[in-house]
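Chemist: Chains as they are written, first to last, in this note's numbering: chain A, 1 to 363; chain B, 1001 to 1293; chain C, 2001 to 2304.
These are calculated hints, taken from the structure and not from any lab test.
Just so you know, these numbers come straight off a predicted model, no measurement behind them.
A few of these clues could be false.
To be verified - Within a straight-line C-alpha distance of at most 27 Å, the following computed DSS-like cross-link-like pairs (lysine-lysine) qualify:
| # | chain 1 | residue 1 | chain 2 | residue 2 |
| --- | --- | --- | --- | --- |
| 1 | A | LYS111 | A | LYS64 |
| 2 | C | LYS2101 | B | LYS1283 |
| 3 | A | LYS320 | A | LYS275 |
| 4 | A | LYS11 | A | LYS53 |
| 5 | C | LYS2101 | A | LYS72 |
| 6 | A | LYS266 | A | LYS356 |
| 7 | A | LYS259 | A | LYS271 |
| 8 | B | LYS1012 | C | LYS2101 |
| 9 | C | LYS2006 | A | LYS64 |
| 10 | C | LYS2288 | B | LYS1103 |
| 11 | A | LYS176 | A | LYS150 |
| 12 | C | LYS2006 | B | LYS1108 |
| 13 | B | LYS1108 | A | LYS53 |
| 14 | A | LYS11 | B | LYS1108 |
| 15 | A | LYS150 | A | LYS180 |
| 16 | C | LYS2006 | A | LYS207 |
To be verified - Reference listing, derived: stretches of chain B covered by chain C, where coverage requires no fewer than 3 residues with Cβ under 8 Å from a Cβ of chain C:
| # | stretch |
| --- | --- |
| 17 | 1043-1054 |
| 18 | 1062-1072 |
| 19 | 1083-1092 |
| 20 | 1128-1142 |
| 21 | 1155-1165 |
| 22 | 1201-1209 |
| 23 | 1257-1267 |
Even glycine gets a Cβ: it sits at the ideal position worked out from N, Cα and C.
What follows is the residue order along each chain.
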Amino acid sequence: MDVSINNLTKKFGNVTAVNNFSLEIKSGEFVAFLGPSGCGKTTTLLTVAGIYKPNSGSIVFGGKDVTFAQPKDRNIGMVFQSYALYPHMSVYENIVFSMKLKKASEEDKKKAAQEVADLLGIGHLLERKPGELSGGQQQRVALGRALVKKPQLLLFDEPLSNLDARLRISMRTEIKRIQKELGITCIYVTHDQIEAMTMADKVAVLKDGLLQTFQPPIELHTHPCTEFIGSFVGNPPMNLFNSKVVEKDGDIFTILPDKSMMKVNKIVDPKVYNKELRVGIRPEDIEIVDKGTADSSTGIVSLFEPLGRDNLVNVRCGNKTIQLLSSPKAGIEIGDTINFKAVDTQWQFFDLESGKSLLWHTK
Amino acid sequence: MKNKKQPIELNKIIIFIVLLILSIPIILGYLWLIISTFAEVTHGLLPVDRNGNFGGFTLENWNFIFEKEVWLATWNTLLLALFMTVGVVAVSSLAGYALSRIKFNGRKEFLSLTLVLHAFPSITLLIAIYFVLKFFSGIPVLKLFMGYNTIGGVVLVSLAMQLPLGIWLMKGFFDGVSWDVERAALIDGCSRFRTFWNIMFPLVRPGIAALSIFSFMTGWSSFIIPYTFLSGGAGHEVISTYLNSMMSSDTISINYNLLAAVGLFQLIPILIFYFFNQNYLMKIFSGGTHGGV
Amino acid sequence: MRKHKKSNVAYYFLLPAGILIFLFFFLPVILTILISFTDMSSVTGFSNWSIVGLNNYFKIFVHPDSLHIFGQTMIYVSCTLIFFNVGMGLLIALLAYHLPKRVGGFFRSLWLLPRITPAVVYVLMWKMLAADAPYGVLNELFRVPFGLPTTNLLPEHAMLFCILVNGYIGASFGMIIFSSAIESISSDIMTSSLVDGAGIFDRARYIIIPQLRWPLLFVTTYQTLSLLTSFESIMVLTDGNFGTEVWSLWSYHKALNNYYGNFQYGFGSALSGLLVVVGIVFAIIYLKYFKFGELVKEPLIDEI
Chain A
1 MDVSINNLTK
11 KFGNVTAVNN
21 FSLEIKSGEF
31 VAFLGPSGCG
41 KTTTLLTVAG
51 IYKPNSGSIV
61 FGGKDVTFAQ
71 PKDRNIGMVF
81 QSYALYPHMS
91 VYENIVFSMK
101 LKKASEEDKK
111 KAAQEVADLL
121 GIGHLLERKP
131 GELSGGQQQR
141 VALGRALVKK
151 PQLLLFDEPL
161 SNLDARLRIS
171 MRTEIKRIQK
181 ELGITCIYVT
191 HDQIEAMTMA
201 DKVAVLKDGL
211 LQTFQPPIEL
221 HTHPCTEFIG
231 SFVGNPPMNL
241 FNSKVVEKDG
251 DIFTILPDKS
261 MMKVNKIVDP
271 KVYNKELRVG
281 IRPEDIEIVD
291 KGTADSSTGI
301 VSLFEPLGRD
311 NLVNVRCGNK
321 TIQLLSSPKA
331 GIEIGDTINF
341 KAVDTQWQFF
351 DLESGKSLLW
361 HTK
Chain B
1001 MKNKKQPIEL
1011 NKIIIFIVLL
1021 ILSIPIILGY
1031 LWLIISTFAE
1041 VTHGLLPVDR
1051 NGNFGGFTLE
1061 NWNFIFEKEV
1071 WLATWNTLLL
1081 ALFMTVGVVA
1091 VSSLAGYALS
1101 RIKFNGRKEF
1111 LSLTLVLHAF
1121 PSITLLIAIY
1131 FVLKFFSGIP
1141 VLKLFMGYNT
1151 IGGVVLVSLA
1161 MQLPLGIWLM
1171 KGFFDGVSWD
1181 VERAALIDGC
1191 SRFRTFWNIM
1201 FPLVRPGIAA
1211 LSIFSFMTGW
1221 SSFIIPYTFL
1231 SGGAGHEVIS
1241 TYLNSMMSSD
1251 TISINYNLLA
1261 AVGLFQLIPI
1271 LIFYFFNQNY
1281 LMKIFSGGTH
1291 GGV
Chain C
2001 MRKHKKSNVA
2011 YYFLLPAGIL
2021 IFLFFFLPVI
2031 LTILISFTDM
2041 SSVTGFSNWS
2051 IVGLNNYFKI
2061 FVHPDSLHIF
2071 GQTMIYVSCT
2081 LIFFNVGMGL
2091 LIALLAYHLP
2101 KRVGGFFRSL
2111 WLLPRITPAV
2121 VYVLMWKMLA
2131 ADAPYGVLNE
2141 LFRVPFGLPT
2151 TNLLPEHAML
2161 FCILVNGYIG
2171 ASFGMIIFSS
2181 AIESISSDIM
2191 TSSLVDGAGI
2201 FDRARYIIIP
2211 QLRWPLLFVT
2221 TYQTLSLLTS
2231 FESIMVLTDG
2241 NFGTEVWSLW
2251 SYHKALNNYY
2261 GNFQYGFGSA
2271 LSGLLVVVGI
2281 VFAIIYLKYF
2291 KFGELVKEPL
2301 IDEI
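Taking the hints into account, I'd like the entire structure generated from these sequences.
Modeler: See the structure below:
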């Protein structure tokens, strides 16, 4: 089912939680809403669910305006962070509760419950109460309860944040598998960029109630449309500093905080020269070079964190600290002076005022 | 290291003794009640027989339980306590749910009103309530259920007096239920009423238990409301008013040991409830009692 | 764009409570005020009364009993409040705190007994505590053994007994509030003050009591109103005899329980009307002062 959200605005008193939010979701797509807490992503989701009523704008499900329809009339399923199982009902009763409300026959209920139980591997839990289940099991039951209605749209509100790290990874795969198997349209709210990047077909990034971008995950990383996305997506975060781009002998360069110049490849030419702007470069796109050259920079290592596969190195560069990744074999220690150089195709440039990328544009 | 220093221990003993002395009237009162119940006569706390010699243990004070009058009063008390409890729980949880969970125009005002009434001394309204009940008495059929001098009328008044506390208490309990559970129910297809009945009501069972016990105890003990709105005499008495009329009777010489037995008879269910539900009740009492001191 | 239709479902939930509150709070408040402007009594009946304006209030002003009943009310309220509802409540809470948990809990439960005991049974106990020898418990235990003369203590010290009877009920309210307030003081402060050399009396005075300012204020104001308007135990104990008629009992007697069979509804309503006004003022002060309004959170589901 296609979902279109048009100019949605939701206020709580004087606070605007969602501001003029528009999005088109195609049938069968898995869409993640990504953003820091308080950015309005859950509010948007609850408005789509019909729990909140928007102040303005509309929500259309498959051509039908459901902006003010009751949640029960929307044919949606929802999975909550707190699982929100009915504690006084058994797992079976939880799963078939929505069917009971529609006065389905015992037979139908049994059959449907068996189906989702098989799909989720919770057949042996049906007689238990939610309080007797582990977090992971509860979340499977919650997913089963959402799926039993055969919803046209499945909503997830940070469903994995209460699980431990290992379980989170396996549930991630599981949810993705079921979504593909059923071909169901999904909206998935999360503050965890790895979840959004690994699961979603497209990611909507929100900040302060405003939609920043709506792109496939990989583009989010390589083509950040705003400074916020650049800094929010990616770990360790992008290095950002104020600087200029200058033209010299037909080549273009950017100036680092220590006044050294680094080359910028023409494919990432911001076409704004000699004007203050925001420059970004990801730590993984800076490499250590043995000898200083004309377009490398020099700095003293101030901090050094082993991350496992790589080491995160903080280097003093003028009045700023630049982060870069080094191989553990490089044998770098705090206090060392090192030369480093950016991959010239990986620069990002943002307008100082609006924070918008000078290279890529939002659709 | 355990604190075994001498002064601390001494302090504790002194504190214990001071508390015990302060508690003397309560202890003596209860001792008197229990001893007298089983004695022919009581001199101070000493059970004695008719000639004033120690002894005189008897169960004859309990003969009253073979009298029809007592059972009529007990039946009325039970009706009053039960209907009031059911009413308070039903009305308070409906209103408490709405105030806790539903957005509507006037919600703030209704909440403030509940709070004002909570502090308001409703006992001052007895005179005017007398007129309200008299008014019901003028309406055919209705007068049998809720007029002056009917148990129904007393139930209604007692119920209403309990509402500010009940609503506030139930609202508090509903406030504690997860929003996500209720959202899940709405998405699953419940109407608001269905959500209340199938999901929320079972989830606030502790609150309902607490309020039920409290209301039952209040109804079972209540005196001033039945005393004011029942005319007394056969069939129009509750245990409290029955006991009071025995106590203040001018004509018959008062048998205090019989009074003690009737008093204990009324007290026993209260003590049983109290014993098993102290923690619940402490919470309700600290939420502010109503009317009484 | 289609407008969202407001749902009325909340009003259905509130309807039963609304009707009862209207019938037994709103209407009575208005009726009390209205009747106080009439001369309605058992003489006029319910049909022949007339409006007399503020006459009943003038009558209160010039009534020979007004002054001393007002005085008795003040004595009763202030003594019960100071010595029991606040003083004794605080004392029991403090003392019980310093005992082992179980012992302290026992005393707290014991002090709650008067509150849960049916009023008539409770007053019966006090009557027998006060009665003359050979029945009266106090006389038998504390006077007879020392050869002192005995008498029924109740008429002799009626006001004292009214204060005791209500005080022993009233103390438990403060006790519970103060106990939980004391429990909530951080145990670090409690321990460190002792380490700093304070004795337990100094600690009570300089550490605990200053932290109880808010609960003290709450108990004082809340209980003042309760005491001012409640009369149940006094009615059962002395029925206002021996100089214990207080304002609320007076109004009850005048309007609903008159020995001479002359029920003065109008005058009684004026007496209680004054209490109603005091009650309303107090209740509104609570609302403003204790900022209950701030507890009100918006529901997290829109109108459905």
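Chemist: Taking the hints in turn, state whether each one holds.
Modeler: These are the hints, each one checked on the structure:
1. Among the hinted pairs, A:LYS111 with A:LYS64 is inconsistent with the structure: their alpha-carbon atoms are about 31 Å apart, more than 27 Å.
2. Taking the CA atoms of C:LYS2101 and B:LYS1283, the gap is near 18 Å; set against the 27 Å cutoff, the hint holds.
3. Taking the CA atoms of A:LYS320 and A:LYS275, the gap is about 20 Å. The hint holds against a cut of 27 Å.
4. For the given pair, A:LYS11 sits about 10 Å from A:LYS53 by alpha-carbon distance, which is consistent with the 27 Å threshold.
5. Of the pairs offered as hints, the one joining C:LYS2101 and A:LYS72 is violated, with about 51 Å between alpha carbons and a cut-off of 27 Å exceeded.
6. At roughly 19 Å between alpha-carbon atoms, A:LYS266 and A:LYS356 fall within 27 Å of each other, so this suggested pair holds.
7. Proposed proximity of A:LYS259 and A:LYS271 is supported: the alpha carbons are some 21 Å apart, at most 27 Å.
8. A threshold of 27 Å between alpha carbons decides the hint, and for B:LYS1012 with C:LYS2101 the separation of about 12 Å falls inside it, so the pair holds.
9. Proposed proximity of C:LYS2006 and A:LYS64 is supported: the alpha carbons are some 21 Å apart, at most 27 Å.
10. Proposed proximity of C:LYS2288 and B:LYS1103 is supported: the alpha carbons are some 23 Å apart, at most 27 Å.
11. About 17 Å separates the Cα atoms of A:LYS176 and A:LYS150, which keeps this hinted pair within 27 Å; it holds.
12. With a C-alpha separation of about 17 Å, the suggested pairing of C:LYS2006 with B:LYS1108 holds against the 27 Å cut-off.
13. As the CA atoms of B:LYS1108 and A:LYS53 are separated by approximately 20 Å, the hinted pair is consistent with the 27 Å bound.
14. Simply put, A:LYS11 and B:LYS1108 have alpha-carbon atoms about 19 Å apart, close enough for the 27 Å limit, and the pair holds.
15. Annotation: proposed proximity of A:LYS150 to A:LYS180 holds, straight-line Cα distance about 14 Å (limit 27 Å).
16. Under the criterion of a C-alpha separation no larger than 27 Å, the hint pairing C:LYS2006 with A:LYS207 is inconsistent with the structure, at around 31 Å.
17. Counting residues of the stretch 1043-1054 of chain B whose CB lies closer than 8 Å to any CB of chain C gives 5, so the stated coverage by that chain holds, three being the minimum.
18. Evaluation of the coverage hint for the stretch 1062-1072 of chain B: breached, as 0 residues show C-beta separations to chain C shorter than 8 Å, against a requirement of three.
19. Only residues whose beta carbon comes within less than 8 Å of a beta carbon in chain C count, and the stretch 1083-1092 of chain B has 3; three or more means the coverage holds.
20. Only residues whose C-beta sits within less than 8 Å of a C-beta in chain C count toward coverage, and the stretch 1128-1142 of chain B has 6 of them, enough to reach three; the restraint holds.
21. Counting residues of the stretch 1155-1165 of chain B whose C-beta sits closer than 8 Å to any C-beta of chain C gives 6, which meets the bar of three, so the coverage hint holds.
22. For the stretch 1201-1209 of chain B, the stated coverage by chain C is violated: 0 residues have a C-beta nearer than 8 Å to a C-beta of that chain, whereas at least 3 were required.
23. With a threshold of 8 Å between beta carbons, the proposed coverage of the stretch 1257-1267 of chain B by chain C holds, since 6 of its residues qualify and at least three are required.
The structure fails hints 1, 5, 16, 18 and 22 (numbered hints given earlier, in ascending order).
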